[in-house]
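Given the sequences, and given the hints that come with them, work out the whole structure.
Protein chains in written order, with my numbering: chain A, 1 to 738; chain B, 1 to 185.
Hints listed in this document are in silico derivations from the structure and should not be mistaken for laboratory results. Any given hint could turn out to be false.
What the hints assert, rightly or not - Calculated Cβ distances over 10 Å to all of chain A for the following chain B residues:
(1) Ser2
(2) Asp33
(3) His35
(4) Asp91
(5) Glu93
(6) Gly96
(7) Lys116
(8) Ala130
(9) Asp155
(10) Glu165
(11) Thr172
(12) Asn179
Said to hold, decoys possible - Rough simulated footprint, nothing fancy, chain B against chain A, three-plus residues with beta-carbon under 8 Å:
(13) 409 to 417
(14) 478 to 488
(15) 590 to 598
(16) 607 to 620
Note that the structure is predicted; figures quoted are calculated from it, not measured. Positions of the beta carbon are idealized from the N, C-alpha and C atoms, including for glycine.
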Amino acid sequence: MDVQQQLGVLNIHDYDDITDEFFSIASKIEYGDIAKSKHFKLLEGTHALEVMNPKLDTALLTPEQIDPAVPTLDHAAWVMARLLGCVCAWLDNNSLSVSVLSCHYVEQLILGNPVEGTIENKVLVPFVKAVVQFVNQVLSLGVAGVIYEEEDLNTQTMDLDFAVFESEDVSQTVNGAVQWLETQPKSESASLCIALLSVLDQSLKINSLVQINTELYQGTPKTADFSYIDKAVSLLDTLASPETAKLVDSLPKTACFSTNVQRTLNNRSPPKPLAYASFDQSVASFAKMFVDLRFMTKVFLVRDSIELLDYLNVFMCRRQFTADPDEILGNHIVVRTLMQLFLIRDDQSILGSKHWNISTLLIDIVNKISLQNSKIQQKLSDVDSKEIREGFEKLLTQLEPAFYNFLTSISQNPSRQRQFVNKELIIWDSIQVETENFETGLNSKLNDVFPDSELPAMPLASFVYYLKLSKMADLLFKSIELDLYKDPRELHLGYWQLGNQLEHLIQHIHRLLDLNRLRQTQINNYSKRIKKAKGDKKNKLREQYEIDKEFLPQFERMERYFEFQLVKYEIHKNLTESRVCLFRLLQRFGLLGLPKLCKVSEEILYNLQFKSYQTIGIPQLLPYSEYQHIMRQNVWIHGSLQGSGANYERVLMKQRADRVNLDLRRFEAMVAKLQYPKFMAEAFLDEVKLLKKANIAVQLAFSQVLKAATESSKPEFKVSFEKIGYHLYYPNIKVTTK
Amino acid sequence: MSGIDYEPLSLDISEVGRELVDFNIEQVRRLVDEHLSEPYSIYVYRFFLNNWPNLTIMAKHQGKVIGCIISKVEPHRDSRIRGYIGMLAVDNEYRGQGIAKELISRSLDSMIDNYKCDEIILETEVVNKAALRLYENFGFLRVKRLFRYYLNKHDALRLILPVSEKSTIRSTFLPKLENSMESKY
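Rendered as structure tokens:
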């Protein structure tokens, strides 16, 4: 086809040929010169399109002949199934130009062009309108700034406006289509069309979630109707049958999908083949969206701010396991985007609550963790304590960005989540110094101390340090999850540092427990103090007692919570140390060495691996010299234990495994004791299963290595890591003999 | 493999002649276009080649460019000198002969010795195990995972080879570079 013919196929008649002028101007550029704007940098270059480059010029795509006629319901069902696949491909990070907009009907309806044919108008048009409306809803979520353009979702619309239909009209049109189909002779295709229309109809209800305003911890609002979620899940479950997939495969195709739109509309992407998910992938994708959405709505069931924190952490760590170990996917993109807008509203309220916003939620958490009944807290309502109040408020303004960072991290993809944690770590670290200075300065006046040791209680700094230590451990956990530690040497280092971080965290939770118990003792001691006091002081103490004792149940709840946290982190610490032990055994066989062609020292690699911790003062990163010392000791230990058949290590590993098993049983008991909502308890118990598996796996690997070492004087091992079916933070360390 | 010559690209037409300059650029572009999944515009090539021709190292067999590595060096956040390996490609029939390894080694040496880089970075697809092995063998560490980084939707891993201690400290804690250079094009 020549240019004229191509333009004819694409219905383009109004153009100017500037070829000669272009070459005339270009001929003035000297050989080797680059003519460009100062503002055109490499980044622009990587996004630039290039005329006559087949990889970058969409004009070089061969125009495709289309024949969009849909003569039967069989044809209509095929187009609808394929278009659903296009929507899923778009949600799976493809551009609209290669997915949804590749459909002739989508383009026509957005442009307001008429569509001919009975089945087209009765069935297909309603479905396409629903698709356009759904895309429009997701686009509005996508541009709200929660997720990342291109990385999470491509929101380039080729300058088309998807907001062309009214929601109500679309809903009525879809219902009308279903009613019309029900009047037709029964057929598998008609049923499929009805089911697909219904899936879209339910999907259009998702956005209504952000309209729900409710109070926290009051249960699911009575006005909220989530029955559409269950209906959609059930519908998709039916569509997931092999019979339906077989039916879709057998349907006659219609030539209404093409790459033409990449040539005719404003296109910022390079030419690409069409993208669409298979029918079973599409059904699975929509099913995941609704299942994740159901989990999202469970937020209404949490009962206090601490449970909300737990819930958000569980939400954040939900993963979609696929057969591909290199794919790490979180919640469905639509749900991720929706979650943040649903949780934090424009006015900073939480779930649209009149009482809870980011600040009040943060203060409530700080109170529960460590501030409740502290002397600082008591002074905040004291009119004479302006200085304390102002200092506290100043600190709160610094705490809020860190907390907001956490609240927004939950909606991110797994890779971004780690970056958010990394960023949060710096904020917590800088606040810690300021908080400590603030409290140290106040302590001489307030004298809020542990009675036996005279150690200052430091409730605010204790809160900040708790969050900081949690994030320090989180960063290492997430680095492991994302496969950033590639080999036994790096993974060994990662677990070794993690064990150390967890030890600090455990010690600090003990401190928080002590603080909690101190406050309980202070409440329980009121009766003695009241008895001893006289006159006005007695009355004041009585009044204060009445106020403070109201918080006794909260302290008891938090005491149980801290005990629960202790068990959780003890489990992780022991699992981590078991892995360290296994890797140190492997050191004996030369598996913790540097890569062969390594151009830099191990020390600098060590420092880079833990770069995020380099500038943190407390707790200090374990220095490289300590690592070297331990590894030298390790060589000596192995040397001296060789004769004893490594019984010492075997016993140590066994003891640690027993301890993990015991703690896992305690963990299960505490989940019950804390009376978590069923869905949370289930999430925790699912994790227990994976932690048990991790415990067994590391023991097995250890035994295998020891066995091979006794059977051969110079065994050679190959180490690999398996992720599928294992805990996010404990991939299976598979050790095989070569 | 014997018979493979390694040479940096020269754009000096008075030295090598315009024909050879064009030939080399065309060959380099062919290699990259053929073997890398990401499409690059002419500007991307020219950005690398014209600014740092000596950091485009070619492997030639009987005059034909059968492998190349394309790198650049720029200040990063005005606090450290960062080398970047942008592209590496070797023709299929020459693979498995250590050519990529040699190209990387030469590029690293040049960036470290001539440009005093504090670190050298690159991105590669998480599924490209061969490339990961290759770079990691030189000591590169994975510092970040980039979600859906490539047009083919795969995640990428950012790798860094730390050369000086500056590489191991967050840039906000580093002093500003004194003589910050900028790319010409």
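Here is how each hint holds up against the structure:
no. : hint       : verdict
1   : Ser2       : holds (20 Å)
2   : Asp33      : violated (7 Å)
3   : His35      : holds (13 Å)
4   : Asp91      : holds (18 Å)
5   : Glu93      : holds (23 Å)
6   : Gly96      : holds (16 Å)
7   : Lys116     : holds (14 Å)
8   : Ala130     : holds (14 Å)
9   : Asp155     : violated (7 Å)
10  : Glu165     : violated (7 Å)
11  : Thr172     : violated (8 Å)
12  : Asn179     : holds (21 Å)
13  : 409 to 417 : holds (count 4)
14  : 478 to 488 : holds (count 6)
15  : 590 to 598 : holds (count 5)
16  : 607 to 620 : holds (count 7)
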